[in-house]
Amino acid sequence: MAQVTLRKVSKSYDQHVQAVKAIDLDIADEEFVVLVGPSGCGKTTTLRMIAGLEEITDGEISIGGELVNDVPPRDRDIAMVFQNYALYPHMTVFDNMAFGLKLRKFPRDEIKRRVDEAARILDIGPLLARKPKALSGGQRQRVAMGRAIVRHPKVFLFDEPLSNLDAKLRVQMRTEIKKVHQAVRTTTVYVTHDQVEAMTLADRVVVMNHGVIEQVGPPQELYHNPLTRFVAGFIGSPAMNFVPVRLETVGNQLMLRLTDEIRLPVPASRVDRYSPYKDHNVLLGIRPEHLTELKDPAKPNVVRFDARLDVTEPMGMEIMVHFRINGTELCGRIDPSVRAEAGEILPMSADLNHMHLIDADTGRVV
Amino acid sequence: MSGASITAESIGRRSWLKPSISRERRWALWASYIVLVFFAIGFLAPPYFELVTALKTSQQLGSGKDPWFTAHPFFGNFIGIVTNPDFQTFFLNTVKVTLIVVVLTLVMSILAAYALARMRFFGSQAFATGVFLTYLVPESLLFIPLFKVLSFLHLINSTWCLLLVWPTLSVPFCTWIMIGYFSSIPKELDEAAMIDGASHLQMLWKIFIPVALPGIIAATIFAFTVCWGDFLYPLAYLFTGKQMVLTAGIVSDLIHGDVLDWGHIMAANVVASAPPVIIYAFLMDYYIAGLTAGATKG
Amino acid sequence: MIGGPGFAAGPVEAETEAAGGEESMADGTTGISADTLHGFVPSIRRGGLRRFAQRRSTIAVLMCLPLIALIAGLVVYPFFYSIYLSMLNRDATRFIGLFNYRYLLNSDTFDLVIFQSCFFAITAVFFKALIGFILAHVMHNISGRDQRIWRGLLLIPWVIPPALSTLGFWWMLSGNYSAVNWILGQFGIPQIAWLSNTWTARLWVAAVNVWYGTPFFMIMYLATLKSVPDQLYEAAAIDGATWLQKIRFISLPMLRNIISITVLFSLIVTFANFDIVQILTTGAPADTTHVFATYAFQLGIQGGNISLGAAVSLFIFPILAVFSIFILRGVGRRAREGM
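Protein chains in written order, with this note's numbering: chain A, 1 to 366; chain B, 367 to 664; chain C, 665 to 1003.
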C-alpha cells in the first residue's frame, strides 16, 4: 500500500522527441487513477516509467515515499498488467501466477494460498491447470490480473488491459477490475485511451495530451468543468460541439455572435466572467445533451433555433441528430418520441446554462 | 438496353462458372497427383535402389539380372557391415563428434541470439548481419587455409579437429534462426518477467528457452544434419581409419579396402543415412519449420 | 503443425526500448523472510542507470563472445590467411604475388573448371528452381493430410547426406551393372558409359544436384504459397483467369522475393559444391567436370600445393560477395513486407 509521486518527470528520446514533459502527479494510497489521452500523449510512457521499464530522463518518481529512480522494476514492488496479457505461454495458469513468488523464494504453501485466494477473487479456480492457449480472452485477462494480485504489490499498473477484448467483454471486465480494486484496495495506475473506461473506473482521471497533463480530477468534475478545450472535447461521447463565435455587446447585453442572423445572449450569471473577452473570437462549447428538441422555452437561458437535420442516428433511448449551423457540424441529442427524419427542419433548443467558452488562442476554458 | 443484356450475360456466366470451377479443380487435382507420382518415383528411386542393392549377395549383384528388384532379400550385408570394426569406429566417431558439436552449437547460438535479439549493444546490428554472412560462406572456400590452421594445431588426422571446424557450419545458421525465434517473442513477456523479478539468466532459462523450444529443436536438427552429413572437412583432414567419420570413411576407406563389395557399401550407406532420416521422420514439422525459418531470414 | 514463429519482424529487430534498470544476474536475490507476507522492503541499490546499461551491454558482449571467437578465428582469419597463402610459391617459402592467379588463368584446365563451375551452378539452380516451383504449386493443389504425406516423401533427398546418396548414384550409373542402363536396355537402348563421357558426365553431375536440392526449393515456395491468401486466387478465378494467368499474375509476383533469395543462395552453395563432383566423377573425364572446390582439393590437399589450391578456392569469393549483397537486400525487403 503506497502513494506514488511524480515530480517534474520527463522523458525524451534522442534529445529531440519529448514524450513526457515535466509532469507532476500525486497518487494517494488506495487510489485508482486513470491516465487517459490519445495515442502518443505519453500516458503509457509515464506508466512504464513508474514501472521502471523506461528510464527517466529527468525528475523524480517515488513509490511509498521512497525514491525509485534507480530501482530496477523487480525491486519496486509493483505489478503490471499488459495489453496483450504477456502470459508465459509454456506455463499453466497456476505457474503463471506463482512465477513472481517463486523467483522471490516464497514458501510453497504460501504461494499456493495466495494463488488460490487470487483465483477465488477472480473466479478462475477451475482454470489453474490450463495453459494460456486454452483460455478465452476474458480468462487470460483475469489470469494477468491474478498474476498481479498474488504479489500483494504496493502498486498495480494497468497498460490498456481491456483493448484486446471485444466490446461486450470489455464492459464486463471493467466492472470486474473495479470489484477487484474494491476488494484489495491497492493503489492503481491505469492507462487507457478510452475515456468511457477512464470515467467509469477512476477515482481521479488524469487527462494527458502531447506529454503534458491537461487536467486532473474526479470524472464528474472533468465532465462538467473541463479546464481546457482538449479535455472538453476528449471527455464525453459524443464529443462536445465547438462553434466559433464572437463576443459582442448589443445594447448592454453581452451576446455570442455566430452569424449576423444568429446571436445568443450570454446568461446573466456568466456576464462578469466573459466580459473581459468582449470583441474576442472565442469557441462556444456545448455538449450534445444540451442541444435538444424544443421542450420548455420558458426556462431561462434556453434559446430556440431551427435545424435542418443531415443525419439521424436512433440509439434506442435517444436519437443523435447531426446538423450544421453556419458550416459547423453539430450534434444534438433528442428524445426518441420526437419524429426526426434526415432532411427535415426540427425546432430545437440550446441550454446555455451548460455552455463553455474557450479562448481560441490559449485553448483554455474561460 | 445494354444494361439488360449485361445482366443476362452475367447470369448466364454465373451458371456456367460454377460447374466449370469444380471441373477445373478436379482436373487440376488429377494432374497434380500425376506430377507428384512422377517426381516421387524419380526422387525415391536412388534410395530405393541403394536399399535393394544392400539386400543382395555379390553373386546376385554380379549376375546382371534386374538390379531394381530382389525376390530373396539377403541381410548378410547389413550384418557384415554392422559387425565390421572399421564401420563401428566410423559410426562411433561420428556420433561422438556430432553430439558434442550439437551441444556446443546450441550453447553458443542461444547465448548469442539472446544477446542479439534482446540486449542491443554497440555494433549488435552489424554483428547479426555478419553472422548471417558467415552462414553464406561455403566450406569449400575455407578448407585449404583451415588445413594449415589445423596442422599448426597438430589436429590434422584427428577426429577432434571436427570439433573446431564443424561449428563454423552449424553455429551461424542456428544463431540466425534463434534470433528470429527470440525476436518473435513479445517484449511484454520479458517485461512481465522483469517485474516478476527474473534476472537475465533466469529470463533466458525460464522464459526464452521454453517458449522458443520449437526453434531450438529445429536448430538442433539442423546442427545434427549438417555435421552428420559433412564430407569435405573429414575427407580433407582425416586420413586413417581410426579417426574417420561415416561419410568420408564409407567413400574412401570401404571402397579402397574391400574389392568394391557394393552390397556392403550400400548397406553401410543405408545405415549411415538412417539417423538423419529417422530424426526427420519423427520431427518433420520442426525440420521444415527450421528450414523455412532460415529462408524467411535468408 | 508446431507453433513456428511469426517472423514478421526484421532480421534483428534489436529492441529499442532501453528497458530501465534491470539488475544483473549475480546479485539478484531480494531478501525475503518467509513471514513477511505483505510488502517486504526491497533492498534498493542506487547506481546510475547508465552503469546498468553499460553492464547490460557487457553481459551481451560476453554472451556473444564464443560466437565472435568462432567467426574471427575460424572464418575471418582463415579467409585472409587464404589470400596470403595464395600468393606464396608451392613450398610456401616465397612471396610470389599474383603469380598463382596468372598461372591458373593461363591454364586450359582451369578454363574448363571455370566453365564447368558456371555451367553446373546455373543449370542445376535453374532446374531446381523450376521443378521446385512446379512441385510447390502441385503440392498446394492437394490438401491437408495428403499434402503432408507427399511433402514428407519428396523431401527425403534433401535429408540424406549428399555424399552418401551420390555414392548410390555412382553405383547406379557406372560399370557393367549400371541400373540406369538396365532400364534403358529394357527398351532396347544400348549401354551408355555415362560418367566417362564429358557431356553426359556433366549432365549427371548437375542432375544429382537437382535431385538433392529441389526439395529445398519446393518447401520454400510451398511455405510462401501458403501465405498467399486464397481469396486472391478466387478473385482471379471470378475474373476469368486461366491457371497459367493465375501463376503469371498472382503466384509469380507473390513469390518473386523468395525466388530471388533461394536462387541466389543456391547459386552460392551450388557454385561451391564439392561432394557430388568429388564422388561421382572426381573431375573425370579429363578434368572436364571439375568445379572450383574439387579442383582446389585435388591441387591443394591431394597434390600438396596449398598455395595454388587456396588461389583456386578463392575464385568462389567474388560470386559469394556479390550474391550475398543481393540476398541481404532481399531478406531486408522480406522482413519489411513481413512475409
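These are computed hints drawn from the structure, not numbers from a lab. Errors might be hidden in some of the hints.
To be verified - Simulated pairs of lysine-lysine, DSBU-like, Cα-Cα distance not exceeding 30 Å:
no.: 1; chain 1: A; residue 1: Lys112; chain 2: A; residue 2: Lys131
no.: 2; chain 1: B; residue 1: Lys514; chain 2: A; residue 2: Lys102
no.: 3; chain 1: B; residue 1: Lys553; chain 2: A; residue 2: Lys131
no.: 4; chain 1: A; residue 1: Lys8; chain 2: B; residue 2: Lys553
no.: 5; chain 1: B; residue 1: Lys514; chain 2: A; residue 2: Lys21
no.: 6; chain 1: C; residue 1: Lys890; chain 2: B; residue 2: Lys553
no.: 7; chain 1: B; residue 1: Lys553; chain 2: A; residue 2: Lys105
no.: 8; chain 1: A; residue 1: Lys278; chain 2: A; residue 2: Lys299
no.: 9; chain 1: B; residue 1: Lys462; chain 2: A; residue 2: Lys112
no.: 10; chain 1: A; residue 1: Lys133; chain 2: B; residue 2: Lys553
no.: 11; chain 1: A; residue 1: Lys131; chain 2: C; residue 2: Lys910
no.: 12; chain 1: B; residue 1: Lys462; chain 2: B; residue 2: Lys608
no.: 13; chain 1: A; residue 1: Lys179; chain 2: A; residue 2: Lys131
no.: 14; chain 1: A; residue 1: Lys102; chain 2: A; residue 2: Lys133
no.: 15; chain 1: A; residue 1: Lys168; chain 2: B; residue 2: Lys553
no.: 16; chain 1: A; residue 1: Lys178; chain 2: A; residue 2: Lys133
no.: 17; chain 1: A; residue 1: Lys133; chain 2: A; residue 2: Lys168
no.: 18; chain 1: B; residue 1: Lys553; chain 2: A; residue 2: Lys178
no.: 19; chain 1: A; residue 1: Lys102; chain 2: A; residue 2: Lys112
no.: 20; chain 1: B; residue 1: Lys553; chain 2: B; residue 2: Lys608
no.: 21; chain 1: A; residue 1: Lys133; chain 2: A; residue 2: Lys112
no.: 22; chain 1: A; residue 1: Lys133; chain 2: C; residue 2: Lys910
no.: 23; chain 1: A; residue 1: Lys168; chain 2: A; residue 2: Lys131
no.: 24; chain 1: A; residue 1: Lys112; chain 2: A; residue 2: Lys179
no.: 25; chain 1: A; residue 1: Lys131; chain 2: A; residue 2: Lys102
no.: 26; chain 1: A; residue 1: Lys179; chain 2: A; residue 2: Lys133
no.: 27; chain 1: A; residue 1: Lys112; chain 2: A; residue 2: Lys178
As the structure is a prediction and not an experimental result, all values here were calculated from the model.
Outcome of the hint check:
1. Using a Cα cut-off of 30 Å, the hinted pair Lys112/A and Lys131/A holds, with the two alpha carbons roughly 17 Å apart.
2. This hinted pair does not check out: Lys514/B and Lys102/A have alpha carbons roughly 53 Å apart, beyond 30 Å.
3. Between Lys553/B and Lys131/A the alpha-carbon distance is near 19 Å, which keeps this suggested pair within the 30 Å criterion.
4. Between Lys8/A and Lys553/B, the direct Cα distance comes to roughly 28 Å. Compliance with the 30 Å bound is thereby established for this hinted pair.
5. Simply put, Lys514/B and Lys21/A have alpha-carbon atoms about 62 Å apart, too far for the 30 Å limit, and the pair is violated.
6. Distance check on the hinted pair: Lys890/C and Lys553/B sit about 27 Å apart at the alpha-carbon level, within 30 Å; holds.
7. The suggested pairing of Lys553/B with Lys105/A holds, with an alpha-carbon distance near 25 Å, which does not exceed 30 Å.
8. Pair hint Lys278/A plus Lys299/A holds up; C-alpha atoms about 26 Å apart against a cutoff of 30 Å.
9. Pair hint Lys462/B plus Lys112/A does not hold up; C-alpha atoms about 45 Å apart against a cutoff of 30 Å.
10. With a C-alpha separation of about 18 Å, the suggested pairing of Lys133/A with Lys553/B holds against the 30 Å cut-off.
11. Distance restraint check for Lys131/A and Lys910/C: the Cα-Cα separation of roughly 42 Å exceeds the 30 Å cut-off, and the hinted pair is therefore not satisfied.
12. With a C-alpha separation of about 13 Å, the suggested pair Lys462/B and Lys608/B falls inside the 30 Å cut-off, and the hint holds.
13. Between Lys179/A and Lys131/A, the direct Cα distance comes to roughly 25 Å. Compliance with the 30 Å bound is thereby established for this hinted pair.
14. Using a Cα cut-off of 30 Å, the hinted pair Lys102/A and Lys133/A holds, with the two alpha carbons roughly 22 Å apart.
15. With a C-alpha separation of about 28 Å, the suggested pair Lys168/A and Lys553/B falls inside the 30 Å cut-off, and the hint holds.
16. The hinted pair formed by Lys178/A and Lys133/A meets the criterion: a straight-line CA distance of about 26 Å does not exceed 30 Å.
17. A C-alpha spacing of about 21 Å is found between Lys133/A and Lys168/A, which places the hinted pair at or below 30 Å, so the restraint holds.
18. A hinted pair counts as satisfied when its Cα atoms are at most 30 Å apart, and Lys553/B with Lys178/A qualifies at roughly 27 Å.
19. With a C-alpha separation of about 11 Å, the suggested pairing of Lys102/A with Lys112/A holds against the 30 Å cut-off.
20. At roughly 50 Å between alpha-carbon atoms, Lys553/B and Lys608/B are farther apart than 30 Å, so this suggested pair is violated.
21. For the suggested pair Lys133/A and Lys112/A, the alpha carbons sit about 22 Å apart, so the restraint of at most 30 Å is met.
22. Distance check on the hinted pair: Lys133/A and Lys910/C sit about 37 Å apart at the alpha-carbon level, beyond 30 Å; violated.
23. With a C-alpha separation of about 24 Å, the suggested pairing of Lys168/A with Lys131/A holds against the 30 Å cut-off.
24. Between Lys112/A and Lys179/A the CA atoms are separated by roughly 23 Å; this keeps the pair inside 30 Å, and the hint holds.
25. Of the supplied pair hints, the one linking Lys131/A and Lys102/A holds, its CA atoms being roughly 18 Å apart against a limit of 30 Å.
26. Taking the CA atoms of Lys179/A and Lys133/A, the gap is near 26 Å; set against the 30 Å cutoff, the hint holds.
27. A hinted pair counts as satisfied when its Cα atoms are at most 30 Å apart, and Lys112/A with Lys178/A qualifies at roughly 25 Å.
Figure legend: structure checked against the earlier numbered hints; hints not met, in rising order: 2, 5, 9, 11, 20, 22.
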